[in-house]
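Asker: Here are the chains, one letter per residue:
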Amino acid sequence: MSHRIEGKGRLIDRSKTLRYTFNGKPMTGYAGDTLASALMGAGQMVMGRSFKYHRPRGAVASGVEEPNALMGIGEGGRFEPNQRATTTALFDGLSAKTQNHWPTLEFDIGAVNDLGARFLPAGFYYKTFMFPRVAWKHLFEPFIRQSAGLGAVPKEPDADRYEYAYHHTDVLVIGGGVAGLAAARAAAAGGASVTVLEQTPHWGGRAPVDGGEIDGTDPDAWVKSAVEELEKAENVTLRLNCMGAGVYDHGFVLGYERVADTTPGDDRPRHRLWRIRARQIVTATGAIERPLSFPGNDLPGVMLASAVRDYVENWGVAPGKRALIVTNNDDAYLTALSLHAAKVEVAGIVDVRPTLTGPLAERARKAGIRLMTGKALAGVKGRSGVKAALVTDLAGKGTGEAIECDTIAMSGGWSPVVHLWSHCGGKLLWDEGEALFKPDPERPPLGADGQGFVATAGAASGALGLAEALADAHEAGRRAAKAAGGTLTRKAAPKANETERQPLKPVWIMPAGAGPEKRMKMWLDYQNDVKVSDVQLAAREGYQSVEHAKRYTTLGMATDQGKLSNINGLAVLSDALGQPIPQTGTTTFRPPYTPISMGAIAGEARGELFQSIRRTPMHAIHDAAGAVWEPVGHWRRPFCFSEAGESDEEAVNREILNTRENVGMLDASTLGKILVKGPDAGKFLDMLYTNMMSTIPVGKCRYGLMCSENGFVSDDGVVVRLAEDTWLCHTTTGGADRIHGHMEDWLQCEWWDWKVYTASLTEEYAQVAVAGPKARKVLEALGGMDVSKEAMPFMTWADGTLADIPARVYRISFTGELSYEIAVPANRGAELWEKVREAGAAHGIQPYGTEAMHIMRAEKGFIMIGDETDGTVIPQDLDMSWVISKKKEDYLGKRAQQRPDMAREDRWRLVGLETLDGSVIPDGAYAVGEGLNDKGQRNMIGRVTSTYYSPTLKKGIAMGLIERGPERLGEVVDFATLDGTGTVIKARLRGTCFYDEEGAKADV
Amino acid sequence: MSDAVSPMNGATFEGFVTVSDTGPRGMITLRGAPEELARMAKALGPDLPEPLSMTAKGPVTLAWMSPDELMVLCDYDAAPGLAGKAEAAVAGAHALVAVVSDARAIYRLDGPDAADVLRKLTPARLDGAQVGTIRRTRLAQSAGAFWMTGPGLFEVMCFRSEGQYVWTLLCNAARPGSELNL
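Protein chains in written order, with the UniProt record's numbering: chain A, 1 to 1004; chain B, 1 to 182.
Please note that the accuracy of each hint is not assured.
[As the list claims (entries may be wrong)] Lysine-lysine pairs mimicking DSS-like chemistry, simulated, CA-CA at most 25 Å apart:
| id | chain 1 | residue 1 | chain 2 | residue 2 |
| --- | --- | --- | --- | --- |
| 1 | A | Lys482 | A | Lys232 |
| 2 | A | Lys755 | B | Lys57 |
| 3 | A | Lys887 | A | Lys700 |
| 4 | B | Lys85 | A | Lys755 |
| 5 | A | Lys321 | A | Lys387 |
| 6 | A | Lys789 | A | Lys777 |
[To be verified] Stretch-level coverage of chain B by chain A, calculated; a stretch enters the list once three of its residues show a Cβ under 8 Å from a Cβ in chain A:
| id | stretch |
| --- | --- |
| 7 | 5-11 |
| 8 | 46-60 |
| 9 | 82-91 |
| 10 | 95-101 |
| 11 | 117-123 |
| 12 | 164-174 |
Quick caveat, the hints were computed from the structure, so don't treat them as lab data.
This structure is a prediction, so every number in the text was calculated from the model and none was measured.
We put the beta carbon where it would ideally sit given N, CA and C, even for glycine.
Sequences and hints are given; from them, build the entire structure.
Answerer: Have a look at this one:
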């Protein structure tokens, strides 16, 4: 049973007890513990159930590579599944729940899958659930989804907040172990600005655990002085709890900082996503130890040798009372010696190497530890924990001596963490001697200048020895400073002394002669329950590409992305395919290095900061008046103003009738307003619009239509001639930025020699439309300008002062009524709105929203960009030839409109639609013709584009695009209903204007 | 006395830096070729600013916006008069002068860690920021600009319609406890 041991635990503070719960049970640990070390210290080895077979699992590692100890951490709005217990710092009040079992961790019904393990080989789902096809969607998939899956989905909104931070640095060092610190020192000495990220809460990495001597002192002391030196340096930024998550093009790096994980509810951002621009990146990301593939290697108590050492030295925890070491290299001897020094019994060291020559083996021998050479493990006894291990000859089939133990510490060698090197295309080399993939310094990720922008340092380079690693890291830091614009420091690299090591012997499965029964119990990927037999089966079934084999077997998928399993898996695959390992290659390393929270990715963008909502100066007034909001572009506009007890529809109808009978007011501030000025401005606008704008007299307004180069209607609005060389172009609300960009595009890229300047004045003015038979009376009541028909006829404008506010008043109408649009400086928009309301009160003025505006314009037969147009409609389709100049030689879209398809006579063209029974045609309904198409559907001859109930006319009105529509006025066409009954609504084709066809009302 | 009301109407927020609405400010867009911009600058007082910089003389500041655009910052009530001066300076030449005092909002960040608030919102580099430079950039999802007015003092500009969003952004980024401690 795992337990605390005295005299060890460099990271914990035994004077500070922390309380937490594990599956609801109160537990204690120490300050500095991880959740995993605290659980093991309390005797809890089983920390979860595996994905497929629901086998009991314990922590196998001590860091980010942990595949098994995944838990749901927190409660309610702070619940998060799949958190690694090995990287979860313990804090008072932490609540942890194990996953993937039912009903309890100890007794799990899903474990029956384990009994049928031979029936769930690689590709089982693909093979079994193929037929019948429909059963996949309705039967198999729902069942599989229910039984599979890691963790539970959080049910409440995230209670925490998150943020981004942008950072710029010459050299970014990822990893704060001794290599990272050495690289940072060298880069800083070269004059570069340096930033160091370390994913754990501690500097120094694993060197303090593994020992040795740096610059004549022990690693702990060296780390302390190196950090102090870096902290003092002006040009160095150090960041703990911050993982380098991904390396992207142009030296962009994401850093994932855990700010307040251990202090939930303290109002600090929980995580911070650093968006870093670095000239040079040094990845000092270390290496990860590999498991060994022997039968039963997934039982709780079977752990990486380095992890066992970490638990002993860092947290004062022993995973058991009696440990057996199995290894193919010297590193595991450090574990044996560490356990021995901590007075934990070491049952022996099983080493696959036939002879032992290194000093570490000698030290173990002297300590009285039994060494078994040329041996391997052929099996592990126990169900939810280790009871004994079966030691056999490496070459044998698997019979031999049973050795009692409750812990097995294994080491299959080390794999450099090449992930960040590889994210942006760094290539790898196979190192035959150390049996590992390491970065190929000749083929780094290349920046825009064709030079490498990422280098590796220390163990991440494949330099596994301390002295070699520090020399490599120092050099990487030196060169990074130089490449980032600094100098090559002459400072010497740190000098290290370490014990000499005997080379490892690569062993990918043990024992070598294991039969199928044993290979089915050799786990490669703990998280996905992928075994040696599965990978071998995939190879037999023809999977040659490592990427295909990964997806077929699920090797290296899920939250750990194969940090432990990849190299072992592809070695087994290579063996099965009879090819060398480098020929098989690795799967792709993709960011993030370990999963990062969704909250960190979203940053501050949630709640009221989810999107930048644009507000007019009158927004707050509308809100207080009960506006029902509608998004229009990024703006919010009032859809209608509902009064007490009124439905939206009733409100809209009231607003329309009041405008038609009395007077209404609309916040039109969102309309785009672009100033166009210059000697060539008239020529420019003639090219942009389909009609003539150069001929508008100063003081007048003209409606215009704008097309894309392909001839399709793009935007519309009223153009105003302000002065001889100055026009103001109104655009649609959603089109303002796009049209301004369109104008600048043509001016800067095509007609660069035309003398025209533009400026967006959209935000400068608040604009209020006052429309209705009594509109003039309202403006007269505001006072200050002559707004009579004589002084200001229809389609003119005037500058003046209205109600003591400087104003520009346009006589334009989108409702068909007598109408003025008043533009004032935006900072006085709210004041104008209130004054119009007060002045209009005697005349029954009421505000109206966008829906009333839409219906009133439809009653007039005015088009709406986005309703009557959808990017495939040309002005000719809209029966608006009056707005297409015949005189102009050219305008944008003219040539396109002459293409055969555009000039086709049977195009769908705009008409008015009047239902025979007065009902409203459903929005989006199609007009159906004779016969069926090749899909057995009714042939379509058109569609409705705008359809409303008109409170003015007390019946349904609509516009639609109908095949040869304008030629067929008076005919009746069928509109298919949308309710699936196959019935139709009959409507007569007519002109588009339903209200005041002669336009008398607007021109009074 | 003007009746102009800026989007946040003079609000203040106390975080690890103080965020405040500076109220209505006079702003004028000037567009023209370098010669015209120089003539307008001369008429208004300040030197013609270099790219990415600002120049000031008395209450008038000129900010570089693009190779053919400057922005004048001045008292709100002075803008129309100054615009007239600029127009007169380029009479007959091709240039554009437009008063845009109401189109934008300007907020102030005040505190030793003022740059940290911006570091959370803009990819523009804050290290080495100095008085007399201006950056047009992005503030989270909004277009914006900022410039330093003194040690621990920044002014941040955004469009008026996004004034409330940017205000909320700045206050959120300045919440106590979230200092970057670089």
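Asker: Need the list of violated hint numbers for this structure, in ascending order.
Answerer: Those not satisfied are hints 2, 8 and 9.
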